[in-house]
Amino acid sequence: MISYHPDSRYLTDFASANLSLAEAVCVSAHLEFCGKCRGHVQQLKDVGAHLLIQLEPEELEADSFTRLMSKIGSADAAASSPRTPAEPALSLNECEQDEAARSKELPRSLVDVFLPRSVRSLSRGGLQNLSWAQLGKALRVAPLPIFGESRETAIYDIKAGGRMPEHEHRGEEITVLLKGSFSDADGSYSRGDFVVRNAGEAHQPTATQDTDCICLVCLERPVRPRGLFYRLLEPFVQYRLNKLNRGPAF
Amino acid sequence: MGSSDETNGKKPAQSWAAQLGNDPWESELRKVAQSADRLAFKKLFEHFAPQIKAFLMKGIGSYGDRSQAEEMTQEVMIKVWNKAASFNSSKASLNTWIFTIARNTRIDFIRRNSRAERKIDIEDIWHEADSPEPIVDLQQRRVETQVRNALSTLPDEQALVLEKAFMESKSHNEIAQELGLPLGTVKSRIRLALSKLQILIDR
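Residue numbers (the working numbering), protein chains in the order written: chain A, 1 to 250; chain B, 1001 to 1203.
Hints were generated in silico from the structure; no laboratory data involved.
Remember, it's a predicted structure, so these values are computed and weren't measured experimentally.
Treat the hints with care, since some could be wrong.
As the list claims (entries may be wrong) - Calculated cross-link-like contacts (lysine to aspartate or glutamate; reagent style EDC-like; alpha-carbon spacing at most 20 Å): (1) B:Lys1119 <-> A:Glu149; (2) B:Lys1043 <-> A:Glu149; (3) B:Lys1079 <-> B:Asp1037.
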């Protein structure tokens, strides 16, 4: 049962396509779990559609339709010749090598997760294809590289019962639960939930005992861990994450 | 959710369209889908393309000019031609389907012309997720009529924020900056407008 949804700002900015890619990836992921919000986005698009239909029409260039039909004509002609398959993002060979190299160290949990389309696309097919960094005993993080974003997007894998370091947010944080559940002082969250924390809020999420928790996380600015240990660790963590971000990523 | 759906009974999508009066443009699109009917496509072009161009000119802002809006309009119409068979009137009205295509073309254009991520396909984010439960379809149909009737009755300040969000391609934050309003005010104006259109989002 999903209890936490994006608010009207996220849904409107998503439907009008004015969210940053990183935020849109999160909303899009939630929508795959939530029929109610999908319904709202559809309604919001109806608003856009009616506004579009009421716009003062702009004059088209005189030969607009003729040029359009010649483009369509030549595309059709090309299509009737034997089709060339779309080029895969990575060559198969590359994918296989990657997988062979990585699957050894990977727990099955990563392979079983239902991935929303946006995450599947960013991780090139599966979480096992990402570069993971172990941060402490209970937490592993894999950045999802979205070039040109001021936000950091990543997948967090928290071990069952694992506790994240208590941290405070310097900017907004969006978490979408892809698997398992976690709780903090404010409540407990399960698969599909869209949880937003604002700047200045501190929390210490803990994964539920019985299963690993996998989340999509989008941070406006890096969080500041509260404990002394983690504050000392922070530069190191940032270094590792930055390195991964720049790494051999696609 | 599931139970009220059963008590209402499922009706085939066609009957909803029939209740609302068939959109004549939908049957033109069906001709394009079924027999690559160029005359029907020309009618659709003449009806929709000038408004699509207006939408794109408003939305691409400093990223492009009039001639680029013209090219993008052609891009949108090529997609209408190619995707005609995938149009499903039980999921969305034709207007909404075309708005979605134009909107995605616009994001893609802006992305190509800015320093943004290019490797992810826009359609992998702004995609049409699998159809919601029928109950949502039913509400959505009702909303379409509501939207049509109620949009013209909105107070100016509410109509303005909707226009900026959907036509001028501005986020809540950008609208707040432009109008010199707190973000909360923009959000509540949009929420008020939406609730008048019977779009009732919890938060």
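Is lysine 1079 of chain B close enough to aspartate 1037 of chain B, meaning Cα to Cα at most 20 Å?
-> holds, 15 Å
Do the alpha carbons of lysine 1119 of chain B and glutamate 149 of chain A lie within 20 Å of each other, as the hint requires?
-> holds, 13 Å
Within a Cα-Cα threshold of 20 Å, do lysine 1043 of chain B and glutamate 149 of chain A meet the stated pairing?
-> violated, 41 Å
Comparing the model with each earlier hint shows a violation of hint 2 alone; every other hint is respected.
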